[in-house]
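Chemist: Given the coordinates of chain X, assemble chain Z onto it according to the supplied hints.
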Amino acid sequence: GAGVSQSPSNKVTEKGKDVELRCDPISGHTALYWYRQSLGQGLEFLIYFQGNSAPDKSGLPSDRFSAERTGGSVSTLTIQRTQQEDSAVYLCASSSTVRTDTQYFGPGTRLTVL
Amino acid sequence: AQSVTQPDIHITVSEGASLELRCNYSYGATPYLFWYVQSPGQGLQLLLKYFSGDTLVQGIKGFEAEFKRSQSSFNLRKPSVHWSDAAEYFCAVALQAGTALIFGKGTTLSVSS
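Those sequence lines, one after another, are chains X and Z.
The letter at position 102 of the first sequence is residue 102 when you use this note's numbering, and the numbering goes up by one with no holes.
The letter at position 50 of the second sequence is residue 50 when you use this note's numbering, and the numbering goes up by one with no holes.
Hints may be right or wrong, so weigh each one.
Claimed, not checked - Quick list of in silico lysine-lysine cross-link-like pairs, DSSO-like style, CA-CA up to 30 Å:
id, chain 1, residue 1, chain 2, residue 2
1, Z, 105, X, 11
2, X, 17, X, 57
3, Z, 49, X, 57
As the list claims (entries may be wrong) - Quick look at which bits of chain X chain Z covers, simulated, 3 or more residues with Cβ under 8 Å:
id, segment
4, 18-25
5, 39-51
These aren't lab readings, by the way, just hints derived from the structure by calculation.
We put the beta carbon where it would ideally sit given N, CA and C, even for glycine.
So here's chain X without its partners, still in its complex pose (with noise of 0.2 Å):
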């Protein structure tokens, strides 16, 4: 079956230029997961939703980021006035159950703001 998949796969954008990153989970997969890769930090937890939940929005780095979850599945990481220090590669996951489960990513996005 269809991996989880995000779009785009680059993106380019100039400082203080706002962006939305998709995201599209496993069909059926209830939980879904936003990390951020980048060298100097390593990977690190943004925000993830579980089913009808509040997401746990615990490693936001900022409020200029934020995350929809639309009818429980496509999920929009937005970034407003986008910084340098932004530039990573953001990467999604899914898991179908919350005990004892494994999450699934995709290939991420390469996000660059000159």
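Modeler: Same frame as chain X, but now just chain Z:
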């Protein structure tokens, strides 16, 4: 704060030699433990995971890992490395099932011929 340590940033192993990548975690209880691999330009692929039970777990591509509670370690091993194993390897923990993963900084594996 909870943390995951991968002490080796870069390891070079000869093709056919054995491999061990180290991972230590800092957490009061036994977390859920994972090893992921990332090849250049690729996403993260799960190699193996440990939740409970037998402390030696088998994964894909001939990898195995052993959980040692007394050492808070979850080291990854492979008896004979292939050139295609060259990649970056990440150890990760989840404090509870379904929660966010906490990753180590990763170990880059190079394979020499």
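Chemist: Please verify the coverage claim for the segment 39-51 of chain X: does it have three or more residues whose C-beta sits within 8 Å of some C-beta in chain Z?
Modeler: holds (count 6)
Chemist: What's the verdict on residue 49 (chain Z) and residue 57 (chain X), does the C-alpha distance respect the 30 Å limit or exceed it?
Modeler: Given pair residue 49 (chain Z), residue 57 (chain X) holds - Cα atoms ~25 Å apart, limit 30 Å.
Chemist: Would you check the hint for residue 105 (chain Z) and residue 11 (chain X), treating anything up to 30 Å between C-alpha atoms as holding?
Modeler: Holds - the C-alpha atoms of residue 11 (chain X) and residue 105 (chain Z) are around 25 Å apart, at most 30 Å.
Chemist: Verify the proposed pairing of residue 17 (chain X) with residue 57 (chain X), using a straight-line Cα cut of 30 Å.
Modeler: Holds. Residue 17 (chain X) to residue 57 (chain X) sits at ~22 Å (cutoff 30 Å).
Chemist: How does the segment 18-25 of chain X fare against chain Z when you require at least three residues with a CB closer than 8 Å, holds or violated?
Modeler: violated (count 0)
Violated hint for the displayed structure: number 4, the only one.
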